[in-house]
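A.B. asks: Listed here are the chains, written in short residue letters.
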Amino acid sequence: MEEKEITVNIKKYNDKDGAFWKSYKLKADKYTQMTEVLRRIKSEQDPSLAYRASCHMAVCGSCSMKINGIPSLACRTIALQAVDEKNEINVESMDYYPGVRDLITDIDVFYDKMYKVMPRLIADESVLMGENEQRMTPENQTEVWKFQECIYCGLCVSACPSVKEDEQFLGPAAHAKGFRFIDDVRDTKKSERLDLLMDSAYRCTSCYMCYEVCPQDVQPVIAIKKTKNYLDQYKGNTPITIMARKHDDTVENLIETTGKIKESTLFLKTFGFGEAMRDAIDMLKSGKFKYAFEKDSNVKNMNEIKNMMGEKK
Amino acid sequence: MEKKEYDAVILGGGLAGLMAANIVAAAGFSVAVVSKVFPTRSHSAAAEGGIAAYMMGNSDPNDDPDFMSYDEVKGGDYLVDQDAAELLSKKSGEIVSLLDAWGAPFNRQPDGRIALRYFGGQTYPRTRFIADKTGMALLHTLFEHSTGFKNIEYYNEYYVLDIVKEGNNVNGLVAMEMKTLNPIYLKSRALLIASGGIGMMYKHTTNSYINTGDGQGIALRSGVALKDPEFVQFHPTGLYPSDILISEAARAEGAILKNNKGERFMAKYAPHKFDLAPRDIVSRSMTIEIREGRGFEGGYLGLDLRHLGKKYIIERLALAYDAAKNFSGVDASEEMIPVRPAQHYFMGGIDVDTTGTNHDLNGIFSAGESACVSVHGANRLGSNSLLETVVYGRETGNTMVEFLKTHKNVETNSNVEPIIDAAYAYIKRETGEHFGVLTEELRDIMWDNVGIFRDNDKLAEAVSKIKDLRVRARSMYVTDKTSNYNTELFNALETRNMLDVAYTMATAALNRKETRGAHFRDDFPERDDKNWMKHTITYLAGDEVKISYKPVTYTRWKPEVRVY
Ligand SMILES: Cc1cc2nc3c(=O)[nH]c(=O)nc-3n(C[C@H](O)[C@H](O)[C@H](O)COP(=O)(O)OP(=O)(O)OC[C@H]3O[C@@H](n4cnc5c(N)ncnc54)[C@H](O)[C@@H]3O)c2cc1C
Ligand code: SF4
Ligand code: SF4
Ligand code: FES
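Top to bottom, those sequences are chains A and B.
Numbering that gives the first Met the number 0 puts the first residue of the first sequence at 0, with every later residue one more than the last.
Numbering that gives the first Met the number 0 puts the first residue of the second sequence at 0, with every later residue one more than the last.
Distance condition first, Cα-Cα at most 30 Å in a straight line; then the derived DSS-like pairs of lysine-lysine:
{"hint": "1", "chain 1": "A", "residue 1": "K15", "chain 2": "B", "residue 2": "K427"}
{"hint": "2", "chain 1": "A", "residue 1": "K24", "chain 2": "B", "residue 2": "K202"}
{"hint": "3", "chain 1": "B", "residue 1": "K324", "chain 2": "A", "residue 2": "K26"}
{"hint": "4", "chain 1": "A", "residue 1": "K10", "chain 2": "B", "residue 2": "K480"}
{"hint": "5", "chain 1": "B", "residue 1": "K427", "chain 2": "A", "residue 2": "K10"}
{"hint": "6", "chain 1": "A", "residue 1": "K21", "chain 2": "B", "residue 2": "K178"}
{"hint": "7", "chain 1": "A", "residue 1": "K29", "chain 2": "B", "residue 2": "K309"}
{"hint": "8", "chain 1": "B", "residue 1": "K310", "chain 2": "A", "residue 2": "K225"}
{"hint": "9", "chain 1": "B", "residue 1": "K257", "chain 2": "A", "residue 2": "K29"}
{"hint": "10", "chain 1": "A", "residue 1": "K21", "chain 2": "B", "residue 2": "K480"}
{"hint": "11", "chain 1": "A", "residue 1": "K21", "chain 2": "B", "residue 2": "K202"}
{"hint": "12", "chain 1": "B", "residue 1": "K2", "chain 2": "A", "residue 2": "K115"}
{"hint": "13", "chain 1": "A", "residue 1": "K15", "chain 2": "B", "residue 2": "K480"}
{"hint": "14", "chain 1": "B", "residue 1": "K202", "chain 2": "A", "residue 2": "K3"}
{"hint": "15", "chain 1": "B", "residue 1": "K178", "chain 2": "A", "residue 2": "K24"}
{"hint": "16", "chain 1": "B", "residue 1": "K324", "chain 2": "A", "residue 2": "K3"}
{"hint": "17", "chain 1": "B", "residue 1": "K149", "chain 2": "A", "residue 2": "K115"}
{"hint": "18", "chain 1": "B", "residue 1": "K480", "chain 2": "A", "residue 2": "K65"}
{"hint": "19", "chain 1": "A", "residue 1": "K65", "chain 2": "B", "residue 2": "K178"}
{"hint": "20", "chain 1": "B", "residue 1": "K324", "chain 2": "A", "residue 2": "K85"}
{"hint": "21", "chain 1": "B", "residue 1": "K480", "chain 2": "A", "residue 2": "K26"}
{"hint": "22", "chain 1": "B", "residue 1": "K149", "chain 2": "A", "residue 2": "K189"}
Take a look, some chain A residues computed to stay more than 12 Å from chain B by CB distance:
{"hint": "23", "residue": "W20"}
{"hint": "24", "residue": "N67"}
{"hint": "25", "residue": "V82"}
{"hint": "26", "residue": "N86"}
{"hint": "27", "residue": "Y207"}
Don't read these hints as lab results, they were simulated from the structure.
Quick caveat, the model's predicted, so the values are computed rather than measured.
The C-beta atom is built at its ideal place from N, Cα and C for all residues, glycine as well.
I would like the entire structure built from these sequences, with the hints used as guidance.
C.D. replies: Pasting the structure below:
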């Protein structure tokens, strides 16, 4: 099989020397996975190289790292597809988590967030006693499975801007996990789960980074949005969820009158002028302000929308 | 050194270990689960195809648990303990219901009941599945269920060095925190070894990098026997060239193996079951095809899915489709997937009875792939390993509960310094052999000589070469002198375990002069029930593998010729 020589630059780290880059040359063919590249570097060139890997088939979530700056699973990355024009690849540990050794980071904060959402099904007593059989439609199974497919790789959390700024935010993976149980017809603890998740859900900025980086296509941000759909059933009142209720009322109102959400009006009504201005400045900084100025116009089939809204109420 | 005391310590956070942990904790005992990886990264996550179960009212109307046991017994070429197989079948339905109650999102039929499909060697379809990531979904379910118990403590990323004994009683184990290399003594009166498989000692394997036979090595070093270690399964469809598994589900859903002439060659070797004959038969047939020049260049065959249509493939076989695409650059809806056999499963293991108890030491139990309850005999059927991990994980958990009720922890602490010194010795040594060299040599020997086709010369050569490697391993050293997540040290310790286990495997294979299931001897191509219908029991004492035998348990099925 045809092989090519590649250069792998790895950002190494240990407690004594701190961080430094080291380069390795080796041959790879068009099938060579990055986990195999690392294994060969370790067994042939640098036995001290530290990284995590287990399944080499993208189901165990061990091999999370940054490859050419992109949060990736090493086993999911084919070396020759990742090299640049000089046949080089840069590999470093994930952002956000404290470094331990080379490509290994300490992701305890990730696990802690997962544990916070009561990540287990609580079925009806009669089912646990074996007296009743649980049924579940194939459609329900498909949706639950989508969010259950998370492999605890931690990449989404390492890429999520809100997690870094807001300690109370549970982060994308924990939200996907939490929602997976809300969504499951077999579970009996919906309201407790809403208590755990609702406030946090409104701390997501909908930047879609988690959607981009997730190797399993779990789409945590969609789980967050779906959680917010349960706001009506949520009994609690935290400052954020109070704001959210106002926001929802405004949206309904806007849709009923104009048939379209006007972001700028919405902002003002929900947050008041001061907050809206602060947000506008943030948006300006992040280059997203253009969305605020997109021209809004009323939609045509208002009646239909009004019908829908009426039905909802 | 840090010391903690529990009622039970469980080595392994895979399906078997977690199932037992849940059971023992539910009975109110304190449990420590020790795993060298975070539990959901255990090899169980890699299981794709499914878990076999006869569910009353939700199976083929003609099926019953006896048919299932019969399939296991025949599939295992009559080396199966029939009482163990019957228990496995009988409890299969209730264990799937339990997993469902704990949240496993099994694929469903339109009426909301759990769906099923065919797998190799089954008379009727029995495999239950969760997309094609059944193992991952079940592992997460058990792990997540365990987070509800306050009396389970996890030691994640702790590497177990050895068992601690006081006389003939278990007195816990010694592990090392991988992040810091700090040792810890976890004292307990009951100890479960659920450490999984051995795949990494073979050059071609579908197993995770972490499957290095640690538990089996630890057992051998403590005077605990391995049963039937000569039986290793080779899966027919490892993806070429990465050896990633293409699940049997592909063939169950209609994929066909073809040689370079486009022939469906399995018609010749298994005229009734074709591509769904048991794995040992398919793997051997493939090896013959390749050997006789009907393979493709590089040494592989084709797995043809094209007639199934893209939509169906993506819906039912997403993982196989993705694997072929990502790891071999093949679009399975347009081209055949390149496949060849690869090491897959270890039928042998720590000698236990149907309660999960080993009788060499007081307080030691084993379950899952590291154990040999003898439900798989000489060859395991697809979907039966996941089933074994949970059924026998639970049985063993219950046995441990009874044991804990009637026994007390050993009062004294054992001297564990020698265990720790032996591990540190690799770091202290300044020169010697490197683990990488030894492992690569071992992987070649096992693949070439203790592989799909075996004979006296190959096996004798393997035994003598591995003996040599074990001598060289005594002067193994580690270049990395830091105590900062020193993975090199753990690789060296894994190599030590692999060598001990490989040595008993090769010796037992040389000793068994017949062909049975996955153990195929070119020089003894027939099954020999008169002389060899018995289990091999092996102990390791220094350089010597001591072999004895145990009878196979029969209940109702007499050996017959195994045709498919
Ligand atoms: C690719 C693939 C697909 C498969 N598909 C199927 C299938 O569809 N159906 C089926 O029935 N079977 C399947 N199998 C087989 C099945 O997955 C395994 O046999 C089963 O999951 C083993 O589970 P276990 O709990 O015994 O061990 P594992 O899941 O391997 O767990 C072992 C545990 O022990 C720990 N451990 C090991 N050594 C140490 C140490 N020294 N210190 C600390 N901890 C340690 C590990 O960290 C891990 O937590 C498949 C196997 C492979 C390779
Ligand atoms: S969409 Fe929300 S959860 Fe996802 S990365 Fe952005 S802020 Fe984080
Ligand atoms: S949601 Fe996706 S990216 Fe986040 S931890 Fe799970 S698998 Fe990884
Ligand atoms: S090694 Fe398991 S996800 Fe990469």
